[in-house]
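Chemist: Letter by letter, the chains look like this.
Protein chains: 2
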Amino acid sequence: MTGVDEKECDPLELLTRVFKRLPSIGPKSAQRLSLFILRAPDDYVRAFSQALERARTRTRLCSLCCDYTEEELCPICSDPRRNKKTVCVVEQPTDLRAIEKTNEYNGMYHVLHGALSPLNAVSPADLKIKELVDRVKKGGIEEIIIATNADTEGDVTASYLMEELKGLGLKITRIGTGMPAGGELEYTDPITLTRALSNRKVID
Amino acid sequence: MTGVDEKECDPLELLTRVFKRLPSIGPKSAQRLSLFILRAPDDYVRAFSQALERARTRTRLCSLCCDYTEEELCPICSDPRRNKKTVCVVEQPTDLRAIEKTNEYNGMYHVLHGALSPLNAVSPADLKIKELVDRVKKGGIEEIIIATNADTEGDVTASYLMEELKGLGLKITRIGTGMPAGGELEYTDPITLTRALSNRKVID
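Chains as they are written, first to last, in our numbering: chain A, 1 to 204; chain B, 1001 to 1204.
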């Protein structure tokens, strides 16, 4: 199951096997990372091992936003200073952190843990969509900002969410699409340019 | 020191920080690997954590060949079927494993844990060269096969070893044909390595 034989006595081989199971880590990288670990400072390897144990034993999903946390509610959901009326819906926990880094958003979040993808057999039941609808029905939420990726899966997911949430008296928005900051028009792909054109704004 | 704040409560952030300290793992890869861990089967994450703990607490250098092991002597050094008269000197523990995979070599090994490199401030005292000389002086060894990399550091290391070992009544050879110029032993395929071993030449 784990691809790791516990009785294997060679520490380098054992490490290589666990590293090799990580995505995009091949056999050579796994060996290199294993040698790094065997030569790394004791406190770093201990911290690494403990981080894995914490991830395994103490991590759960926040009962409100479904982000990873160690408490019943994550720090954002339990922060009284956050605006509870606005919920930003993202695909991944990493997307939430990307938005937090802007320091421009003070509302709540909801993590779907993926996007709808018929090709990869990801259906609505695989995502935290029911949890979002239940959350909205409990009341108190005025705006849903859909911040799924600007790709096909993200678009399909956004459309599905709009269908699920309409009729619940919400303002539903989606984050703007167009030219990225620092983007050069010459090198911008046609789809992005098409969206940027259709999303044009009047300059006062 | 570890780049990891133990009090940091976000399990995803904590994992990302430890992964980011691995060589050639950037911030984006670290996030991706962390998400993988949070979604991975429990027994895999446990095996990973335990492999790290074993590497930290139970791994030492074999008292004879200096390879990583959990015993006083590594399995190869304690194997009575191996030919004790021949010692193959390699730079890294991964090089030893590459040669073992050829199934063509039945002698012993000596792991230097690096190669001489004035540019990187690696001097003879940083390598397990004294251990090799001491081992030879104890007697019983008839041939030393120098299997350092076929690059500048490997060549310099081989020359240095020859100087250190000459006059001790040894046959000193170096793996020769088969290795491409500038090639690294760790990444050489088993057939090429087999040829290099069988085509070794006496160094005058």
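Please note: incorrect hints may appear among the correct ones.
Said to hold, decoys possible - Result set (DSS-like, lysine-lysine): computed pairs, CA atoms no more than 25 Å apart in a straight line:
(1) Lys84(A) with Lys166(A)
(2) Lys171(A) with Lys201(A)
(3) Lys1028(B) with Lys128(A)
(4) Lys138(A) with Lys166(A)
(5) Lys1084(B) with Lys1028(B)
(6) Lys1020(B) with Lys101(A)
(7) Lys85(A) with Lys101(A)
(8) Lys138(A) with Lys128(A)
(9) Lys20(A) with Lys1101(B)
(10) Lys137(A) with Lys166(A)
(11) Lys1137(B) with Lys101(A)
(12) Lys1137(B) with Lys1101(B)
(13) Lys1171(B) with Lys1084(B)
(14) Lys1137(B) with Lys1171(B)
(15) Lys1020(B) with Lys1084(B)
(16) Lys1130(B) with Lys28(A)
(17) Lys130(A) with Lys84(A)
(18) Lys1128(B) with Lys20(A)
(19) Lys28(A) with Lys1171(B)
(20) Lys1201(B) with Lys1171(B)
(21) Lys1085(B) with Lys1020(B)
(22) Lys1020(B) with Lys20(A)
(23) Lys171(A) with Lys128(A)
(24) Lys85(A) with Lys28(A)
(25) Lys1201(B) with Lys1137(B)
(26) Lys1085(B) with Lys1171(B)
(27) Lys1166(B) with Lys28(A)
Hints in this document: simulated from the structure, not taken from any laboratory.
Chemist: Would you mind confirming whether the straight-line C-alpha gap from Lys1020(B) to Lys20(A) stays at or under 25 Å?
Modeler: Judged against 25 Å, a Cα distance of about 17 Å means the pair holds.
Chemist: Sort out whether Lys166(A) lies within 25 Å of Lys84(A), counting only the CA atoms.
Modeler: holds, 19 Å
Chemist: Quickly compare the C-alpha distance for Lys85(A) and Lys28(A) to 25 Å and report which way the hint goes.
Modeler: This hinted pair is violated, its Cα atoms lying about 50 Å apart.
Chemist: Sort out whether Lys166(A) lies within 25 Å of Lys137(A), counting only the CA atoms.
Modeler: Holds, at about 12 Å.
Chemist: Between Lys1137(B) and Lys1101(B), is the straight-line Cα distance small enough, at 25 Å or below?
Modeler: violated, 29 Å
Chemist: For Lys1137(B) and Lys1171(B), compute the direct alpha-carbon distance and say whether it is at most 25 Å.
Modeler: holds, 14 Å
Chemist: Check whether the Cα positions of Lys1085(B) and Lys1020(B) lie no farther apart than 25 Å.
Modeler: violated, 44 Å
Chemist: Given the hint that Lys85(A) pairs with Lys101(A), does the C-alpha gap stay at or below 25 Å?
Modeler: holds, 21 Å
Chemist: Are the Cα atoms of Lys1166(B) and Lys28(A) separated by 25 Å or less?
Modeler: Cα-Cα ~35 Å, so violated.
Chemist: Could you grab the alpha-carbon distance between Lys1130(B) and Lys28(A) and see if it respects the 25 Å cut-off?
Modeler: The hint is violated at about 30 Å.
Chemist: Can you confirm whether the C-alpha distance between Lys28(A) and Lys1171(B) stays at or below 25 Å?
Modeler: Answer violated: Lys28(A) to Lys1171(B) is near 33 Å, above 25 Å.
Chemist: Can you confirm whether the C-alpha distance between Lys171(A) and Lys201(A) stays at or below 25 Å?
Modeler: holds, 20 Å
In this structure, the earlier hints numbered 5, 11, 12, 15, 16, 18, 19, 21, 24 and 27 are contradicted, and the remaining ones agree with it.
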